[in-house]
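Here the protein sequences come in this chain order: X and Y.
Here the first sequence stands for residues 0 to 628, where the numbers follow numbering that gives the first Met the number 0.
Here the second sequence stands for residues 0 to 412, where the numbers follow numbering that gives the first Met the number 0.
Take the hints with a grain of salt, since some may be wrong.
Mimicking DSS-like on lysine-lysine, the simulated pairs with C-alpha atoms at most 30 Å apart in a straight line are [what the hints assert, rightly or not]:
1) Y:83 to X:535
2) X:68 to Y:46
3) Y:67 to X:458
4) Y:328 to Y:273
5) X:501 to Y:349
6) X:87 to Y:328
These are computed hints drawn from the structure, not numbers from a lab.
Here the structure is a predicted model, which means the values were calculated and not measured.
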Amino acid sequence: MSTISLHDTHNHDSHDDHGHHKETFLTKYVFSQDHKMIAKQFLITGIIMAVIAMGLSILFRIQLAWPDKSFPLLETFLGKWAEGGRIKPDFYLALVTIHGTIMVFFVLTAGLSGTFSNLLIPLQIGARDMASPFLNMLSYWFFFTACVIMMSSFFIQTGPASAGWTVYPPLSALPTAISGSGLGMTLWLISMVLFVASSLMGGINYVSTILNMRTKGMDLWKMPLTIWAFFLTAVLGILSFPVLVAGVVLLVFDRSFGTSFYLSDIVMGTQVLPNEGGSPILWQHLFWFLGHPEVYIVIMPAMGLSSEIMSVNSRKPIFGYHAMIYSLIGITILSFIVWGHHMFVTGMNPLLGGVFMITTLIIAVPSAVKTFNWLATLWRGNIRFTPAMLFAIGMVSFFISGGLTGIFLGNASLDINLHDTYFVIAHFHLVMGSAAIFGMLAGVYHYFPKMFGRLMSSKLGYLHFWITFICAYLVFFPLHFLGLDGVPRRYYAFTEFEFMQKWVTVNILVTWSAIIAAMAQVAFLFNFFYSIFKGKVSSQNPWGANTLEWTTPVERLHGNWPGEIPTVYRWPYDYSKPGAEEDFIPQTVPFSQTMSSNMPHDFEGNAEAERIQREWEEKEEAAGRTKLD
Amino acid sequence: MSLRKLISNKTIAALAVIVTAFANTSAFAQAAAATAEKPVDMGPVYKTATFYVLAFLLVCLFVAIVGKALKVYELTREAQDKPKGINWDAINGGLFALFLIVGLYGVYWEYTVHGNMILPEAASEHGKKIDQMFNITLILTTIVFIVTHILLFAFAYFYKHSGKRKAYYYPHNNTIERIWTIIPALVLTVLVLMGFLTWRSIFYKVEDPNNKPISIEITSSQFAWAIRYAGADGVVGLKNYKLITSDNALGIDFKDKKTLDDQLAEVMVIPVNKPVRLILTSKDVIHSFYMPHFRVQLNTVPGMTSYFEFTPTITTEEMKAKTNDPKFKYLFLCNKICGDGHYKMQREVKVVSQAEYDAWVAELPTYLTDDLRKQFNLPVASAPASEPAAAAPADTAAKDTSAVKTNQIALKK
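Pulled out of the complex, with its shape left as it was, chain Y reads as follows (with noise of 0.2 Å):
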């Protein structure tokens, strides 16, 4: 009798206590209610960090009431000697089933939705190798990732526990296993040797002597990019870190003949279906050299130089098209931790048609300034004929007006 009175004290306090709650939260309504002529701005509340801890203390008040709600029920079922209350091994089973249902719609939104957000089409030649790997890839995975899911939960669904059955005893099965060591193997055999030809095609490349690449150096130092073109020798010059200094920002070698007409430019301009070959370094710690539209990436080490090579394959302008949008743009970005400024590091790419490239690259003011050239000890810019030769195929006179004219740029800076 004892325990009926335990019972009917514990019900009635979790009664009380559910009134308790039903009634401050009408009461609250009521207020509500009673300043509902003028709206009210609850922007502040949502503020407060106050409102969120009573909120979840509301919720762990809810949650307890329900606990308690629950083990009285128990209690009641048990006291009148009726079967166990709450079946929670079907539940747990149930929820599983559930959870496969939604979780198999919400794999198929994610794929669909976020799926729809990612990276356009690769806008270089290796990057289409990578993205049908990519493809080939995701579906494997996805097979294997839906099937094994839905064994999973619905063996959790069908095998739940059952006082009527006995567990099948079922300890192993060669002929099984082995097929499931054999198949993996076989299809990690094949997607191995596709990955170790897409990655030789990309690091192993062989030179096409009518399409040669043009070289640009990219150095990177926290938190800037410095983009340094060859120059019409198509060769960038040598540099040594030991002889960089405020105006020689990247310690460029200037007895180096070579780098006397590199150049440096803020946006990275390639022409489109020509080879680039890039010339990595970086000036004080690693960062990661990352264009992810043309699937590039190599990080960029102190004290090594690494190379990449690849050819842009669609414009910037074809791209705002295929993308449907006006403002696109190529860029690349720094995508290894490098210190508080990593969240910024970007240039702008743009992919030009040659002649537009020609155009560009033609404007681009070189690297040697005239304060350069007076601390290396060379002859000043309005001196064009001290060049090397090579460097002025074009007409002598734009060359010289342009090169003036971003000596004056460079001053200005």
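With the rest of the complex left out, here is chain X (with noise of 0.2 Å):
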């Protein structure tokens, strides 16, 4: 199976070869290597994990909303982590980490990318499958792994990981710091690392067959803004994710075989601990090395889907092409430099800081042209609301309202005082938490027939998209100014301080509306699962796209398309182009087939068939018409 692609110009032999291959369940459901199936594994995995850490975001937020009160329920389902119906401080500090960890890695990481780049790679630069069908399984299937161990956490006696997501040492090296850092935490790192391999196995696999494995005619300036920020996004996990690795593997180091990277000059109690000359910066050094490009890692794919979707039902063409690749680039490179604006109050010398800062501001640039450019892309559309849309828009304002706090975070002086406290929280889940995830349901609500040949209901995904879109700015806004108020993260309870008092109604506000955006995903989990079953049949190209996953059957063939892939003439985003017949021209359709809607500059200086173009203009200008307008 693997060999599918060497097979382009044999396409009658490959077929038949599929015929004769027999496909039982195991290979076709479970240990699949077609990268539409694998595509759907990372989905629906994504989408479990997704309602757990969702599920734990809402215990922690009962806990804020109400410290003073039992929920004898809680005792039944959590055990002696709820004791008398109140979640323990070593177990809330449990559910914020794993929450954290959870949607950062396993949803907007394996979920979004996994998914998308899986799916759309080979069916929209015209492949058969991945460069390495077989990795591809591999990828998925450590991914999975990683998953169960991540949540067999929760069933060991001293309970997950909890030190923050970011497991900083001390904290996370010493079980006698918290508890979660005994058996929990090197569960946290063993699952890591295997997450980091799959990511890994994904992100080459990526690049290679982006690189590779492109059709006819598909140069890089003919990809869709999908596979060019899949593509980015790959580069970036290939090049950070390994130094995690390197950092994981120290502080396994110090945990179990008594070395000293991350630790030194300790007392627990007045118990003195031998280890001498690491530091704890350095682990925050190589966590940020990968921490900061995964926000990007995590963003990208957002951004690249949703300038599709919004192409596609504006009817227009993205607004600046070129400008949103080489912002793509620019945020790109730019993010490996700016690592160190989370660190700006470690102590870590003055000077980094400054610079550090500078670095962070710049990539407000490409982030601006960005927007612009969505912006503009709306401009004179004629916009179909379809469920898909509303996300991508409501991920345009995320990354606004979030980004611009980014333009405080990042400056280091502003930073000293709102580092680690609410600003931060408001700041990112709306700008890679609220704004990614909205960029992956407008992924799923878009390429949801291309998976399985049906569509959603548009109406539950109205429903989904409203209550989810106000309730996240109502759970988000108000955060700010807990922040700007110096309300710390990460806090158990707000009982402690005086001035805190006056914020446990606002959380009240919050947990409100975070329970009944949860509730809401509920009409998207019907919505999808429904759907896969039951849905509306889907026509082969239901949103009147231009890019090459909409030539395919419905049916979804193992290998994509049933005779030879088809050519690319042209950019992908030729809608509503003045002279056509119809509002969209495919990417397959040759400019010979178009002559009254082509345009000087669609010839890229093609001096022969600037020609022809003018001797048909000529021709028909002769015969009396006038090109359509």
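Grab the two chains, each in its own frame, and use the hints to assemble them into the complex.
Right, dumping it as structure tokens:
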């Protein structure tokens, strides 16, 4: 099966090959090497992990809103972690830690990149499958194992890792410092190593597929923005994830083999630890060297999906296609030299603080360009509000709201007072949490027909969007003000401080909004799983889109196209081109068939083509017909 | 015809469901009315999970009914060959417009209501610069936030789908793109420069020989703070984590004579308008020393000493008047996850006049107790003469009694 791509020119053979090949349940649904099935595996695992992580967030939101109330039901479910119906402080920290880890890595990295890179890369560049389908399968199963190990830490005596999702040592290194740093932390580290392996196998596959397996005519500047986004995301992942593994391995050494990479001069109670010469700051450097690119790994696929979806549903080319790509490249490069902005107040040399502030604020420029280009794409469009389009617009809104507060936090001077407060929580939950999840949901609604051959209900989609959109703002907008009042994050309760009392009512509002938002996801889950089996059967190109994936049959063959792989002649954004019969021209339509709508710059300086076009236009004029406008 | 039959069946079914639902609610209402004479305590009901599960199921049922009704309506329109029933593009476009208006009001409300609940003005010299920087950034970002959102939602509203119109083919415009690359770049350059200068002014301080900072050492541990004053010599003496015992919790090295006059405080008292140099250390894990009112924060890292210098400008009493809150107090707290007691780590800070500070600091017990003296083979406290002469500029008699008194207090502990 992995040789399918080699059979491009002998399609007939490879097709026959298929007929003889018997697929069992195991090879089709479990150990599948088909990129579309792997995409679905990633998506459904991602959705399950998202539901779990959302559930965890509701648990700690309940604790924050009603710190003095007891909920006997919690004890029924959580046992000793919620004795007397109240969540314990160490379990609270475990909840926030695992919520963060799952959301950032398992949902927004694997669930988002894993799903849509796998689904769209071969389909949109015109390949029969990934460069290495076997690695692709391994990538999913490593991810799945990582998920299982991470969740298994809820079933051990000492509880899951609870040093925050950034697991700063010494807290994460010393089981005596917090109970979660016992076996739970070991499981966290193992799970992370497996996850990074999965992510690397995926990333290498994505990059090599995009670079080597594009169909005829698909040069880099004809690729949809989704592919550009996935490509750069994969590059980021390949370059930064190994650094996390290096950090993780050193932490494993410190925890289990008595080394002192991150530990020095520590006394637990009165027990003096023997470690000397290490630095906890080293971990922060290694972690954030991945950690910052990681937030772009999370947001760039969402940007790519939103760009594509907004263009399709505005029936308008994406504004500034080249600028969009250059800004993605700019973000990719800059994201490697800004990690220090997470460390302004760690006691790092202040000189570095100044440097990192400069590089950080520069990132706002490509981000601003992208935002303005999205707005320009909507301008004078003919916008169809499919659920996917709603979520893409929501993504832009969150990206603006959350991105702007980044200008505060990227400024080292302002960060002194905002660091680790609720302002940070509000900032990144909008810009990478909500924005990325909205990009992902937009992708799910838009590409559902490509995955399952059916359509999701749009009315339930509208309901899902509006409740989620409003509630996400209700949850995160007020949190900025808690941060401006100096309320720190990761506080189990606000009861110990006089000045925090006034925020408890706000917490109740936030928690109720979060609960309602969570309930709205039931609409999505029902819609998703119901539509897999009972949804309206989709047509081949339900959204009238230009890209290659919509030239494949609805039945979703292994190998994607029954016959020859189509050739690409034009960029993917010829929507509402003047002179064209329909409001979209697929990438597979040659210019010779659209003489009436061709424009001079379409030919990219090809003199022969320009001459033919000129002759045609002269002939038309001679025939007394003017070009449609 | 069979389609019509189906529709009528569905309509009847939907009606039946609605009727049942209403009948149920009215039945509940009747039941409620029947027991209206003596008020029922609904408190326990609201506390049961079953109540919320049922409420949620009811909402789901309601959504399902509405969904069915919409479907029936659309099918009827289709069957009667009328144009499509509901224009969802218009509804969603309208909702975006509505969201914009309500959202803008919501932002205004947030800024004015929650915006009034935030920290009072900065109580330190550099804090004023930070606040100024903050306000400039806030104004700029608010403008961008409002303008881009008006554009986003207004475009969504005005350019919603219409069969009559075709979208405007507008793939790029290099001039516009250049403009909206350069303008953000210029604005950010200004912000970067201002931020950079502010940052440098905070961390690269030139010492004023006439106004030397007082040194205070902070040691964080799970889940407490220790505040050590330098004593009369103005220097915080050496410590070594390997010397930590239950008596000598900070691991002070008494071979260093500068440690002998060091004092331990429960509350951080600092004189107004006098620079304070904080020496930040940690005993176990990373904590973060955070004084929100003074715009001061720096992590305390085991194995690494860090420093933060600031000058308080507003006394606690003045701040009470300014905030109109007689209970107002300054404090510092832990702002880096450090374990399950993280949410409790705090200490009070008092900013007082120089005279009050001098009086307070004179009363402060020394770290060195009789027990420690025995341990380190130092002469016991009843012989104050053995203390460094520099440590006793005040009249010795007063100092003696206070020292003895404080030692007794320390022993009681």
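Open item on the list: Tell me the hint numbers this structure goes against, listed in increasing order.
Closed with: none
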